[in-house]
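Peer 1: Below, each chain spelled out in residue letters.
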Amino acid sequence: MSLLVRGATLPDGSRRDLSIADGRFVESSDASATVIDADGLLALPGLVDLHTHLREPGFEQSETVLTGSRAAAAGGYTAVFAMANTSPVQDTAGVVEQVQSLGERHGYVTVRPIGAVTVGLAGERLAEIGAMAQSRARVRVFSDDGHCVHDPLLMRRALEYVTTFGGVVAQHAQEPRLTIGAQLNEGALSSELGLAGWPAVAEESIIARDVLLAQHVGARLHVCHVSTAGSVEVIRWAKARGIRVTAEVTPHHLLLTEELARGYDSRFKVNPPLRRDEDVVALREALADGTIDIVATDHAPHPVEAKECAWDEAANGMVGLESALSVVQAAVVDTGLLEWSDVARVMSSTPAAIGLLAGYDSPFSVGSPAHVTLVDPTAHRSFSTADLHGKSVNSPYLGRDLPGRVIATVHEGRPTVLDGVLLAPEQVGADRV
Amino acid sequence: MTARAVLQQADIARALTRISHEILESNRGSSDLVILGVPTRGVLLAERIGRILDDIEPGAGTVGSLDVTMYRDDLARNPTRAPAPTEIPAGGIDGKTVVLVDDVLYSGRTIRAALDALSDLGRPRAVRLAVLVDRGHRELPIRADFVGKNLPTSADERINVRLVELDGSEEVTIQ
Amino acid sequence: MRHLLSTADLSRDAAITMLDLAEDMADVATREVKKLPTLRGRTVVNLFFEDSTRTRVSFELAAKRLSADVINFSAKGSSVSKGESLKDTAQTLAAMGADGVVIRHSASGAPRVLAESGWIDAGVVNAGDGTHEHPTQALLDAFTMRRRLHGNASRGKGLDGVRVVIVGDILHSRVARSNVWLLATLGAEVSLVAPATLLPVSTSEWPVTVGYDLDAAIADAPDVVMMLRIQAERMNAAFFPSAREYSREWGLDDERVARLPADTMVMHPGPMNRGLEISAGAADSPRSTVLEQVANGVSIRMAVLYHLLSGSDS
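Residue numbers (this note's numbering), protein chains in the order written: chain A, 1 to 433; chain B, 1001 to 1175; chain C, 2001 to 2314.
Don't read these hints as lab results, they were simulated from the structure.
It should be emphasised that the depicted structure is a prediction, and the values quoted were computed from it without experimental measurement.
Heads up, the beta-carbon is just placed ideally off N, CA and C, and yes, glycines get one too.
Treat the hints with caution; some may be incorrect.
Claimed, not checked - Straight-line Cα separation of at most 20 Å, DMTMM-like style, residue types lysine to aspartate or glutamate; simulated pairs:
| id | chain 1 | residue 1 | chain 2 | residue 2 |
| --- | --- | --- | --- | --- |
| 1 | C | K2087 | A | D265 |
| 2 | C | K2035 | B | D1116 |
| 3 | C | K2035 | B | E1087 |
| 4 | C | K2035 | B | D1094 |
| 5 | C | K2157 | C | E2050 |
| 6 | C | K2087 | C | E2050 |
To be verified - Some chain A residues close to chain C (C-beta under 8 Å, calculated; not the full set):
| id | residue |
| --- | --- |
| 7 | E186 |
| 8 | S191 |
| 9 | L193 |
| 10 | G194 |
| 11 | G263 |
| 12 | A310 |
| 13 | A315 |
| 14 | E339 |
| 15 | W340 |
| 16 | F383 |
Start from the sequences and build out the full structure, keeping to the hints where you can.
Peer 2: Now the structure itself:
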């Protein structure tokens, strides 16, 4: 299959045609190539999400690898890293291989399973990290996301052991004893609403400990969903000392604040919680100055019944794949903090580099795998359930006006989205194994 | 729509004086008489009747107020009303002749509510009704015993009673 | 007003109107026939996801005195305890034609979720939600203070300049939150006294002063001392070292009561832990308003139910 993307504007502002054949960028197209008119559209390298919950196996009522892949493609993603908190947990070679092969079969995006750090995410003993790393899934990112690896000795061992296989631990930084029953950012609002507070220090103290551990053992550390100004300070300090730490921020922590919780609408319940205005400002600046390396969605689908209840009883999490690029545009591009070339870096090449995913280091160059996302940054839409393509609708953006729209997504040289329409599974996965 | 005065200050005063005499006459004196006004303007009229009764027979004017808000049958159809206080004179109403006083008698529903409210407060020997204006259009079998003025009206007309204590001027108009 | 969810939603005028209405309702309790036909044909559901016999009985009596039909829907032994969601319960009640729902829930904000969900078109009264609010308790407390201060001349008055000290587990207290907003709205000067572990964080925006020293607060001769209940589970969670130490530092014992002016009110929302946050002598002294609070609770809840359920929505 060959494609000709005509007249696209690249992140650096240059304008050119992109020729694609047999899954890679090529010098020129022949007459048989399918033409995609990209006049006025921005071509980004295919987006990579280092933090997605695909929920399969075990929670197929929320999402499956297929539906989550479709949501990802609709959002302009060509690769997602699937978090380990499935049931059974992705803590053995068998489970990660199953997730990997489901992704390959459907073909919308590259699915890279993340392995659990500890057996059953229980935080007690290391999972078979070596077996997962050497399995067909070749797992490189390990995380107990949803749970913090809070035992300092276990965290030290994990950092060391993962190094053996060239991997990285992605830490969900949440001191558990400081966040028993936590519901909302601890502060004036949680006091007023009578919701148990989730103090910033519970995140910051773990990050501080972990960067020191990483320094001590000479390992690489990745920090999931950084949410506070204080965490930014700690990471900035660690990077200045040469500690090998990378960090991600979610789109929602770049745009939304705790004030949205005032009406107890559980669509805004997420972990870590939405924070204060000054945290949002600090996170945006940190993304702009490189303290925070990437944007990752923490796409966390939940069925309607998990959200249609009192705040305390509602599940944490928001879906985010379909809205991520628009939210990033609203939060940091339209506000002048990031250029589109920076977006390409924080949403594609760097997350791929952190996750050791090949094929994203020299986008658009001849010979590279053809992952492309075509965006109309001038578009505006009132975000609605029609924009959601996964199984769940727990988006905090429903009814909100968002800029930008994904017009086409090309994964390994094949379109998954064309003319703004997500292609059907049989069109995408037709001749795959 | 223009308002037309049907009772002036002097007319009102004369009507209340006549009503007071009629009350005494029908009660065969002032014994065991309790005058209860229905808020808001009924209370003012009751107080005036009480003063006139006192002038005629000192001690005759035992006056109180009876709020009927909680007994109305139209609560669900109107915005929430704030009730006014009910003040029953110290002797209560058991065995007394209660004269209810209101400004305008129309459908009769307010008086129906007042009768229900009274029955929750005690058992009067008799209940009479005095009104300044009876404008007709009754929806219940209720009739006033003492009437200041019978005023035939059509249903789309409005009767406004203005009393000096509350409204700064004194007249009854129709519009 | 469609719902009563938080005292923060009440303006001064609305609060005083409600207290005045409760005066009318209190008059009814002195009559031979303690019943009004006002809410005849209306259905009030007491939806209690958390046990509270006192509050439920108070609401039940209030609704019955207004002639409403009352359904008690408790979590224990009903479908609620079998995992039925708030949504399903609400829709069930809607199908039964409930006009008003009085809800007690262990989760903060559950009454607001119910009121704004669209699952049920009924007036919602918050009868205590988690550690958030308990608005009718605050209203009855304000009503009790006003009556003690002004007697029969209470109508129309606020609580301007009245100095109220609230003592104890402010952090977990819905009573404290509702009282803070309402008392401030009515013009009272509120101070909170507790160990730092039992004070909420970031209260600098609250209309209160905050302190740790009960003896200092007593020395200021306050008009009202409101003691809050210490829940048994707090004692196991290291908020303070021991019940004995708590009682010694923040309990209202006989000796502290003796130092209060004779007309200082001693209030407690009940149920009391005698000997822990309040001594028997303090609870039973003439200063104590505990039983008045119970009686006034019925009047306040009648006023609230009348306000929410009479009248059209427009």
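Peer 1: Of the hints stated earlier, which fail here?
Peer 2: 5, 13, 14, 15 and 16
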